[in-house]
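Chain B is fixed; fit chains G, V, D, R, C, A and W onto it per the hints.
Protein chains: 8
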Amino acid sequence: MTAAQGTDYGVLFDHGRHGRIGLPEAVFCQGKPLRSVLALLGEYAQNSTPILFTRLAEEVFAAAPAEVRARYNYDSLSRTAYAGTMPARSCGLVGLVSAGTADGAVLGEAARTLEYLGIAQERFEDNGVAGLWRLTANLPALARADVLIVVAGLDAALASVMGGLSPRPIFAVPTSVGYGMAQGGKAALASMLVSCAPGVAVLNIDNGYGAACAAARVINLLGEKGRQNDGA
Amino acid sequence: MTAAQGTDYGVLFDHGRHGRIGLPEAVFCQGKPLRSVLALLGEYAQNSTPILFTRLAEEVFAAAPAEVRARYNYDSLSRTAYAGTMPARSCGLVGLVSAGTADGAVLGEAARTLEYLGIAQERFEDNGVAGLWRLTANLPALARADVLIVVAGLDAALASVMGGLSPRPIFAVPTSVGYGMAQGGKAALASMLVSCAPGVAVLNIDNGYGAACAAARVINLLGEKGRQNDGA
Amino acid sequence: MTAAQGTDYGVLFDHGRHGRIGLPEAVFCQGKPLRSVLALLGEYAQNSTPILFTRLAEEVFAAAPAEVRARYNYDSLSRTAYAGTMPARSCGLVGLVSAGTADGAVLGEAARTLEYLGIAQERFEDNGVAGLWRLTANLPALARADVLIVVAGLDAALASVMGGLSPRPIFAVPTSVGYGMAQGGKAALASMLVSCAPGVAVLNIDNGYGAACAAARVINLLGEKGRQNDGA
Amino acid sequence: MTAAQGTDYGVLFDHGRHGRIGLPEAVFCQGKPLRSVLALLGEYAQNSTPILFTRLAEEVFAAAPAEVRARYNYDSLSRTAYAGTMPARSCGLVGLVSAGTADGAVLGEAARTLEYLGIAQERFEDNGVAGLWRLTANLPALARADVLIVVAGLDAALASVMGGLSPRPIFAVPTSVGYGMAQGGKAALASMLVSCAPGVAVLNIDNGYGAACAAARVINLLGEKGRQNDGA
Amino acid sequence: MTAAQGTDYGVLFDHGRHGRIGLPEAVFCQGKPLRSVLALLGEYAQNSTPILFTRLAEEVFAAAPAEVRARYNYDSLSRTAYAGTMPARSCGLVGLVSAGTADGAVLGEAARTLEYLGIAQERFEDNGVAGLWRLTANLPALARADVLIVVAGLDAALASVMGGLSPRPIFAVPTSVGYGMAQGGKAALASMLVSCAPGVAVLNIDNGYGAACAAARVINLLGEKGRQNDGA
Amino acid sequence: MTAAQGTDYGVLFDHGRHGRIGLPEAVFCQGKPLRSVLALLGEYAQNSTPILFTRLAEEVFAAAPAEVRARYNYDSLSRTAYAGTMPARSCGLVGLVSAGTADGAVLGEAARTLEYLGIAQERFEDNGVAGLWRLTANLPALARADVLIVVAGLDAALASVMGGLSPRPIFAVPTSVGYGMAQGGKAALASMLVSCAPGVAVLNIDNGYGAACAAARVINLLGEKGRQNDGA
Amino acid sequence: MTAAQGTDYGVLFDHGRHGRIGLPEAVFCQGKPLRSVLALLGEYAQNSTPILFTRLAEEVFAAAPAEVRARYNYDSLSRTAYAGTMPARSCGLVGLVSAGTADGAVLGEAARTLEYLGIAQERFEDNGVAGLWRLTANLPALARADVLIVVAGLDAALASVMGGLSPRPIFAVPTSVGYGMAQGGKAALASMLVSCAPGVAVLNIDNGYGAACAAARVINLLGEKGRQNDGA
Amino acid sequence: MTAAQGTDYGVLFDHGRHGRIGLPEAVFCQGKPLRSVLALLGEYAQNSTPILFTRLAEEVFAAAPAEVRARYNYDSLSRTAYAGTMPARSCGLVGLVSAGTADGAVLGEAARTLEYLGIAQERFEDNGVAGLWRLTANLPALARADVLIVVAGLDAALASVMGGLSPRPIFAVPTSVGYGMAQGGKAALASMLVSCAPGVAVLNIDNGYGAACAAARVINLLGEKGRQNDGA
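Chains as they are written, first to last, in this note's numbering: chain B, 9 to 240; chain G, 9 to 240; chain V, 9 to 240; chain D, 9 to 240; chain R, 9 to 240; chain C, 9 to 240; chain A, 9 to 240; chain W, 9 to 240.
Isolated chain B, as found in the complex (with noise of 0.2 Å):
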């Protein structure tokens, strides 16, 4: 099988990716036309090749065969969906920090995207700076983490809190949450970026994924070194 393999459905898989970069290939579902995305899911059903669909809507998936579907781990909050995932990696914990339940949603996207990719992970919800407690009481679990993934809409301001109390590498997603001058996540963007905490790096709003796969990275890259070392 060649690097580049192309299907019936007008996408030109990048297969070679994992090897590349580490990071299988996922299918983004959002704007896409139904009849690919359905043929795409009949397809991978019957495939080794685990692949992650993200940005799956419930209708979209109710849509496929039982069948298929039977073959498919799928969480409508986080809209994912896996037929199989990774191999589980031996090293590397991720912890998954959110302020609001509205911005489980996008929690749920970067801790999906962990499990197929065969990560371990730990979630910590509802840590909106508002009721500094709650935070305050996970922190000792949250010390536990190789890298954090901080997921906060509105203000954002668990990121800077965050960055201000962990040492660890710190990946934060703003959410598309609120109204008015929360501009769709624009507010809890900039927020994030001009953070007053040294080091915190930021993905696009409700990116869930592209946190996890940051994640990712640096879970391989700690992987690799301890394969090294133990091999030395």
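Note that these hints are calculated values from the structure, not bench results.
Be careful, since some hints might not be right.
[Claimed, not checked] With a straight-line cut-off of 30 Å between C-alpha atoms, the simulated BS3-like cross-links for lysine-lysine are:
#: 1; chain 1: D; residue 1: K194; chain 2: W; residue 2: K194
#: 2; chain 1: W; residue 1: K194; chain 2: A; residue 2: K194
#: 3; chain 1: D; residue 1: K194; chain 2: C; residue 2: K194
#: 4; chain 1: V; residue 1: K194; chain 2: A; residue 2: K194
#: 5; chain 1: A; residue 1: K194; chain 2: G; residue 2: K194
#: 6; chain 1: V; residue 1: K194; chain 2: W; residue 2: K194
Same frame as chain B, but now just chains G, V, D, R, C, A and W:
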């Protein structure tokens, strides 16, 4: 003297404003021609009506004659001047909290306006949430204030944290510090407006004067109610 | 009962907030999944803790069982519901002033939040400055209020006019009414933030709930001071 | 002389414009090289065709030879100059109303353009709505004007108030005064465009010249209709 | 009957407006609840006071009873309705010029508002500057109009071309047609505001009603002056 | 000599670019340190490889030694310099059309870049659509050009008018002239992108160099096709 | 038949445009009323003049009678229809390159417009730079094209890469795919406009039709020059 | 010494930060008053605690006494200074890749911050994708880095290309180079955030310091894991 009093400098003052809304006129100097500002400084140096000059740049003030300057209390960081202040109030304390050193000029404008209005105040600087212990240490002192003014730029996370910790009226002032996505204070403004803490009210970017006036409206109300109680 | 109480609906409430900042938790329903909102409505129908639901659309409320709905005071214009209210305060009156009919939903959200908080209020609608006599006629009644909430969209000129006429604390809420350059309320927001009247403080677009909380912070302060005076 | 007349300064004038639309050419100096502006000043000093220079900075005008300067009526606040004016019109009065002192330069540009066009005018400055009594006192005098130009920055509430009080054609000019969310006049512009008063027409930010031209179009129409009536 | 007359529908009309500014009240229906609009349609069907309904969607009007609908002159493209019009004026003609077919609804709103106000008008559609010959052919007819309304979206180049060809008062209305960088009409709005033709005044995006009111202010002035001349 | 040639000034030139895409490297001077620009000017003064300097301010060029300056053809309006040009092309004529005098610097940058590339050109300045007769008079001459570059600021209506009159490839360059809603050229850019004339392609604001390169790509194609034809 | 031909559907066609600029009229259907689009489809089904319908949604086309639909070549992805095409050109090949599957509709609109114009073309999809090998493999085939159209959303990096690899005229079309900071295509648009590759010209977001017209202007020029050469 | 240590210069340092998050305090000089910066430079010249000064303009540094300057390692391009560095790390290499010469100051700020932090690094400048061969030649060397920092302005296409070629953690810094639609770096920022390559994390515009801190968080993690492994 009638409510409206013309001057020779093309400025029609609203001296009746104090009686109407409890806040005397102030002269916003930025953008006014040098000769107008100097003439007003000269006139009010000899005038018993107290008046506040804001955004009065050091080089503009320096251009006034020495005997005029001698009559004023001028502060270069906050760029404010007054020859006299309003009588000190018998009640009400305003706490001024800022996130970083760069917010000092705006905090100063608010503090000096309160001084001019005769309102007691206490300043708490450098409480940025990236180092939460600094704020925590100040909480007992902050609890003594009747009204809080929170001055912060960048992510303005301090406003949300304060809003979740204090029951007092909170007036938040975004500052124009920072670069790139700080967008001249628009990031901080949006962050404060969409704060996850309820009931935090917001002023224009860098508007320390406005925050002091908003606080004064509350202190004036307290004073009036106190007098009613005393009178009862 | 501890300060943090988990529920079965993925929501971690901050019931300690009332004790800390004098404002109880509220459930912002917009964007939450139907099943979560219905579950919360069901639980609080039987619960002695009063709670406020905001942005609760008519069709969502209608989906609750009749016996649950019977326990709530629901208002479709303001999209708010509560089963019980906080005890009525012995002091403080909030005046709510709006510019046009289209601002009614936001004024309603503020008014209903105050009702829920047990705070007395009076409403003054349709005072747009294009017909100044309407506002003029209401001025004597408005003078009785301790705090003013001004709700206006479009040019939001009402906030400036009120700010120049009243000495009271003023919380201004821009609304998203209008089209074209109204920009979903951004024109009104900017207009209020740069108001030529001093000390007008601003909330997020359409945030009637926030304005009520800001007003409540002042009323709570008045109450506390009154109790101190009474105790003295 | 043909309609198009080249000059030595790389500027192709449209001297036929006056005949076509009743408004003579003007030279917008800002951004033009010093030598071009000086050459044009020199040429028109000796020229019987009246021409208006706008945005002519004091230091640029000062760089012209004394004998050239002597031929011009120059005003430094409005940054306008003309050597001669158009003949005075027999009909039509334009009222110019501004909100604050800082709007004076833009009001001046409009007023001086009208002077140059030979149109009668009256100025009413400092009518900001935060002190409504100032405007109220001017209403009888304003009622004598045929056309109104309203100049205001910040919240530009004056345009709405005037639009609700006067039946006359109103041309509103937002100004770039203010800071932060005044956004260089964009807040005032949006406020005027979405004004709750019907039929208020708007010019570009700081475009006093354009407002005078818009008013002149109405005055020209009045004049033409008057001559038709007289001729009948 | 007093100037302010309440209704049962939560709307406080400003019926005195006609006397004050020569423009009667209009009901902007978009965003108002269905029941309010229907009630107002019902009431004014039986009322001798003429009133204009704008942004009245076809499906909303269709929901009114047949006998109510029968009383109104309704136009679905412009989404306007009126039961009666103001008396026809003896003087003044408004020319309405649009760039493309898609601008028809806005041009229609302006034209129908003028009909309602009793003002004579003529329509010239499809004059986009990409086919200049269409405009050229209409110029002689356009020269008969006293006031011009120019309606254009996209690049709005028609406003500049008209402004350079006609000496009449010109009110330009940007429309929200187009996609991408048309930005819902903001490109057209900016283009009109910075037009290289002098004295073109601008209304809000899609505000055909406002342009008609602006034109009516000029026609009203012409009428008044004509009556003064006749009386002289 | 290899394709990549380092210099002592921290700049890695892509001298292979000419062979690859037919356009030689150019040095964009704005923002580069003075010493780097001077060093490059010095080096290329002695170098047989022609190179173009753009955005080379007069005061920067003046800082070079006289013997270096003597080697360059420098133009202060367009801020461009070259020591030699590419060989003149045997085919292809580019017409450069601008709207106003203030667009001259950008038109100049395009024209001088074409000179440097050895491409014939003709300039047509001051064709703003507010005086359409100026453009009409130039149409016969414009018809001789193979490619058109249209340079316009403000409303940029000229691009639409040209796009509707000429069948040639048109490259439109918005300029940053104007104030207020001209928004540094964003109004002109949007206007050009949404032009009602089909197939007008747009460059970045003030990017005269880019327009010349786009035109050169077409002229290069014409030349290559001509050589193929000749060779056939 | 005259140049301007009215229809019964309120649309004034510019059928002379083909003769003038070499590009026939097209009907942009989006936003037009259903009845107008259906009437035009009906009329042109029987008409020998070829015409192109763009943005013709599947459900709109489906509403036409079967015998009308039978006359058209309709494509649902690109939402285009034509009953006949222009005669095939004897010269010129346009290469269409896209970055991702989601750009297919816009690439399709460009490709179908070229088909309609009788211009030869070749499509190269899925060349996103995150997998550079896909583009590299296509380079030899791309080198045969005379003109390139590059269609890309998100970061639009493909336009810069192509601009650095090919000497051909390049017309870049940003697409509105993506979420968050993709900003409906504004990120891709800005990226293309500031491309580090020289001479890449840009069309409006999603404007595949415009890119085809821009390419056709070049192909038309090639054809004309070829005929001149042949004639010589 | 306690965690918080006041100074005489109105700055409250968070010296405990190093222990908490592994990153020492830095002084952001831009916007601070000259006297404060000079005082801090003076104090730390004699202090054994290493500290980093960023955005320290050449003229500000030059204003310090010679004996103070002698203690610092100052770099004018990156505007950074330090008197001493943190101890060199035993593991971890950061690769710094930039697109163009103009990105050098930001790349320099990142590189110098890493030097100060004792982290090994290698620089690869001028890899803009318009000349892909430059990047290709550097790929083997880049493969040795553990973490990559990608610095690019304009279209920022380099971040996407690198993200598709390397499996390493990538921190992308948009720069404010360019004009027009580069929008002070916002085009590059948006381009990086919506990159088609997965897991690229982004910092604020021009924030080289932040990118170095983000990289340091990863290197610190590697170091800690390495020590754990060694200890095991």
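Taking 30 Å as the top limit, are the C-alpha atoms of K194(V) and K194(A) close enough? 20 Å, holds
Going straight from one Cα to the other, do K194(V) and K194(W) come out at no more than 30 Å? Given that 30 Å is the threshold and the Cα spacing comes to 21 Å, the pair holds.
For K194(D) and K194(W), compute the direct alpha-carbon distance and say whether it is at most 30 Å. With Cα atoms ~20 Å apart, K194(D) and K194(W) stay inside 30 Å; holds.
With a cut-off of 30 Å on the C-alpha distance, tell me whether K194(A) and K194(G) pass. 20 Å, holds
Straight-line alpha-carbon gap K194(W) to K194(A), limit 30 Å: 11 Å, holds
Next pair to validate is K194(D) with K194(C); report whether the Cα-Cα distance is within 30 Å. Between K194(D) and K194(C) the Cα gap is close to 14 Å, so the pair holds against 30 Å.
Every hint from the earlier list agrees with this structure, and none is contradicted.
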